Amino acid sequence: MFDAVLIGLSQVFSWPAIGYLGFGIFLGVWLGALPGIGGVTGLILLLPFTYTMEPVSAFALMLGMFAVTTTSDTIASVMLGIPGTVASQATILDGYPLAQMGQANRALGAAYTCSAIGGVIGAVVLMFSLPVIKPILTLFSTPEFFMLSLLGICMVGSLSGSSVTKGLVIGAFGMMLGTIGEETFNGEARYYFGIEYMLNTPPLVAVVLGLFAIPELLELATKNTSISRVPSDQSRGGGMLQGIKDTFANWWLVIKGSVLGVYIGMLPGLGASIVDWAAYGMAVQTTKGENKFGRGDIRGVIAPESANNAQRGGALIPTLTFGIPGDFAMSILLGAMLIQGLRPGVEMLTTKLDITFAMIWTLIIANIASAILLMMLGRQVAKAIFVDGHLLVPVVILFVFMGSWLGNQSMGDLILMWIMGAVGLFMKRSGWPRPPLIIALVLGPNMENALVLSNRVYGTLGWIDRTPSLIIGVIIVLTIGVTALGLLRTRRTPLTANNSLDGKLSIEGAERNPLIAIALALFFLAAFVTAGVLAIDFHPTNRQYPIATSVVAVALLIIILVKEMMAARAERRAFASYAEAWRAALDKAGMRLGLRFVLWIAVAVFGAWLIGQKLAIAGFILAYLCIWGKRSLRFALIYAAVGYLFIELFYDRTMHIPFQHPYILKLIGGGA
Amino acid sequence: MMKLVKSLALAAVAVSLLPTATAGAAEFYAGKKITCVVPYAPGGGTDSFFRVVVPHLARLIPGKPDVIINNMSGAGGLKANNYASNEMPNNGSEMLCAPWLSIAQLTKRKGVRFDYSKMRVVGGESAINTAVINKKVLVGGDRTTIGKGSQPLVVAGLSPSSTLDLRQRLGLDVLGVKYKYVPGYRGSAKQIPAFMSGEVSLLGLNYGTYVSVMKSSLVDQGPGMLWVDYPKIGADGSASANAVLSKQGVPTLDEVHKKMHGKPPSGPHWEAYKVLTHLSSMGLSVWLPAGTPDTAFNAIKAGWEALPNDPAFKAAHEKAFGKSVNFVNYKGALAAQNAVATVGPEMVKFFQEYIAQGEK
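Residue numbers (numbering that gives the first Met the number 0), protein chains in the order written: chain A, 0 to 671; chain B, 0 to 359.
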């Protein structure tokens, strides 16, 4: 085995593998930093180039790229409050407030350091797990996957900020979104309405980008500010070195996050979309004493960033040993292995062990090299937080639009992104936490599928006394207990936007606006009642989950409505009428400008359908800079032209992404 | 003499026409791009197959166009099929590279807007259909004792309307074996752990997937063995064994039936099974939209039909899937396409009811 370790290392350092590894790292850093692209897109992009390569070179390129996107994705999460990839969603909760306090460099320094450590831990665990993994994997059957999903859902409490009730409703909303489509045991399409797009579960990327990006972009567009709410000369304690020190000061959290990342990666179906939330939840639940989670606590960056890099190594374990792809990215890697003539399983642990170790070395080298590279670039990158927000909005819109489009190349995804943007805006401005929606959307379909399968195989709840399920059940009870204790602590020191930087920080679930909250609660109430009623016509097995979810959500919504109405009544006393109070609430939430911005996004989506994305996005950039940004036409034209060229050269010519056929061409008879 | 002159003249004309025709086809795709629309996400079996095919197909189509893959996943493959049938440009710039969803069309599955009879089939490949079974379902490894072992017979399914599931269920019903069918195990990430842990005991798959992905975990490291060879049924009703499987001692379904019951299979399930073999005689296939010009069609067809004899492609396919590919040429594909129209309404009703039974 030791020979294989050395042979693997020498293969990675031999030419041309080392060259491909370097290129992969460079590409991964770049792709991870662009919101909405990430490692999966990178794998799809690189796959055709690997057909004629030797296996070690092919995987140096692919794994080198893939391993580092979870390091560079921190940039968008910290700097923009927009998840760079699905693996860095939780990083925004504390990373973005740190950037707003002028401490982006500190957050990035910590993130790069713990990403490298997490990535190396993931690779080392992969190395030592290979021979002994079978008993662990065979221990987990479908009931255990249900229990693990349930455990994940239980983290909603710790991700709900100061309002657990609202968090639970949002979680239920995420679960309901997850029931759309035909991912049922028998292929029955739920909430289909004869629309082909509705045969699928809503894609995560479009939901995440809409929910998080649009509200943050609106902040930049309407508050006429840079990301940092403090000027560069007033930012203190935010150096990269401080971030590195923070990481080593929290070494136990790094280890815990990494180990959690490896195990989540190892278990099929959980994967990258959930790992950062799980690590964040773990950090919140296990931190003793005073904390500032959600308000710029560096530990809120360290935990998810350690975990998401470690997850890569963990995910490779079942892929290499049993051909079980834990997530979508692993499916692509598995496909690449087949094309290379590599068979997952015994072969990778015996005759091809050197190639397996070459993959492990690739992970280790890529994680360390990318962290060093990003630290070298860090000072320049961090300057972006002091750039005028109006200059950032157009370029981020470009990535949000193209990121939403990439997955399915469907106008439905752009519309979904827009709808989630509008919902996210209302949620943010009235204290509804957004993370539970994502966690429930990811875990909900898995949970329902596992429950249905378990009940059909073992009989209804006939699996409940399985030892592994019971152990996870105990962990669930402990998690709920710890969360409840944490909530009691938080109640004593309420989390509000007003206790730092005069309410300028973007704190999840902290804003208070009872009238807007009531409007949103009524919207959710209508949605849940409609969904529950429609579910009555589904197959008996397929109706249980949406009806149960609706009933629970409606009960919680009634509690929320009562609470918010009491608060609204108190506010009403300050105004002559409810109409005046409503106007004041809209002003307080900045909804007039907000809805105007949402309308602009709607026009851009419509434009994408009518004239195609390239012209629509360029047109948006031009109009935005002239009207919102008050820039000169010449400047706006140059910016728009650069945006157009970027789409043309990168997305079209390099990635070969099919674009929307402009409807206008159909009208004039020139298109397909 | 005149005859010879005539023959020579005709030959001269034929020879002079031959390069012109080839040049015409070559000219059509020279410097052009063809997009191969795959209805599933990258990394799966369909995608991997076409990723192996595409570079060689590009080389073999006259004019050597660039051929790229566009993964248009969604709605269990319906989205890309609907697109190909209704919206795909018919100028030869795009083609559908997909599993043949004949059952979905025949049983009018929700969301189906495609009609294969209006499209132009180029060719396809024929999969070797088999399954892996947990040895504990049998007694002493004897296939005729299925269902009598220490482990209950639980079939892991994808969805009741999938061809793979219909084949497993019909096969077991033909044998008259009691089993529990559990659909909803979508993808190897769910199937492999469930099989390895003993939660399910029968898993249908094609032989390519078995060799390339599942053999090591399910058989070499797991409790499984190959179950039966689901044979193709000829026009005369006779079953033909697959050489690859029979070499490994895997009997055909009808052979197991004969051993169990002392007679060849018969009855409604066997009749439905026979129809299903025709409706799945082509696994993965290549289609062009109606109205595609003959020049484009013929060029792609020429490329497809050159693949089976191309040494570079054969080597690449064997490297990836551990076996040679069974190609279905244009003639065979056309026969498969036409077979759908020959299925009577009673059989369609049978399939619809059988699918509904699987949902209970």
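Calculated directly from the structure, the hints in this document are not laboratory data.
Because the structure is a prediction, the values reported are computed rather than measured.
All C-beta atoms, glycine included, are put in the ideal place defined by N, C-alpha and C.
Among these hints, one or two may not hold up.
Simulated crosslink set (DSS-like; lysine-lysine; CA at most 25 Å straight-line) [said to hold, decoys possible]:
hint : chain 1 : residue 1 : chain 2 : residue 2
1    : B       : K318      : B       : K117
2    : B       : K330      : B       : K348
3    : B       : K63       : B       : K318
4    : A       : K244      : A       : K287
5    : B       : K313      : B       : K117
6    : B       : K31       : A       : K665
7    : B       : K117      : B       : K147
8    : B       : K313      : B       : K246
9    : A       : K665      : B       : K117
10   : B       : K107      : A       : K133
11   : B       : K348      : B       : K107
12   : B       : K246      : B       : K134
13   : A       : K665      : B       : K32
14   : B       : K273      : B       : K107
15   : B       : K117      : A       : K133
Pair by pair, the computed Cβ-Cβ distance ranges are [to be verified]:
hint : chain 1 : residue 1 : chain 2 : residue 2 : range
16   : B       : K107      : A       : K222      : 50 to 56 Å
17   : A       : T285      : B       : D219      : 39 to 45 Å
18   : B       : T143      : A       : P134      : 50 to 56 Å
19   : B       : P263      : A       : P134      : 40 to 46 Å
20   : A       : L664      : B       : K359      : 46 to 52 Å
21   : B       : N325      : A       : V476      : 17 to 23 Å
22   : A       : T285      : B       : G248      : 53 to 59 Å
23   : A       : T285      : B       : T143      : 39 to 45 Å
24   : B       : P344      : A       : T459      : 34 to 40 Å
25   : A       : R378      : B       : G186      : 41 to 47 Å
26   : B       : G248      : A       : L664      : 46 to 52 Å
27   : B       : G197      : A       : Q543      : 22 to 28 Å
28   : A       : Q543      : B       : G186      : 22 to 28 Å
29   : B       : K109      : A       : T459      : 25 to 31 Å
Verification of the hints:
no.	hint	result
1	K318(B) to K117(B)	36 Å, violated
2	K330(B) to K348(B)	29 Å, violated
3	K63(B) to K318(B)	24 Å, holds
4	K244(A) to K287(A)	20 Å, holds
5	K313(B) to K117(B)	32 Å, violated
6	K31(B) to K665(A)	23 Å, holds
7	K117(B) to K147(B)	48 Å, violated
8	K313(B) to K246(B)	21 Å, holds
9	K665(A) to K117(B)	22 Å, holds
10	K107(B) to K133(A)	43 Å, violated
11	K348(B) to K107(B)	11 Å, holds
12	K246(B) to K134(B)	20 Å, holds
13	K665(A) to K32(B)	22 Å, holds
14	K273(B) to K107(B)	20 Å, holds
15	K117(B) to K133(A)	50 Å, violated
16	K107(B) to K222(A): 50 to 56 Å	54 Å, holds
17	T285(A) to D219(B): 39 to 45 Å	41 Å, holds
18	T143(B) to P134(A): 50 to 56 Å	33 Å, violated
19	P263(B) to P134(A): 40 to 46 Å	45 Å, holds
20	L664(A) to K359(B): 46 to 52 Å	48 Å, holds
21	N325(B) to V476(A): 17 to 23 Å	55 Å, violated
22	T285(A) to G248(B): 53 to 59 Å	56 Å, holds
23	T285(A) to T143(B): 39 to 45 Å	57 Å, violated
24	P344(B) to T459(A): 34 to 40 Å	38 Å, holds
25	R378(A) to G186(B): 41 to 47 Å	44 Å, holds
26	G248(B) to L664(A): 46 to 52 Å	59 Å, violated
27	G197(B) to Q543(A): 22 to 28 Å	27 Å, holds
28	Q543(A) to G186(B): 22 to 28 Å	23 Å, holds
29	K109(B) to T459(A): 25 to 31 Å	27 Å, holds
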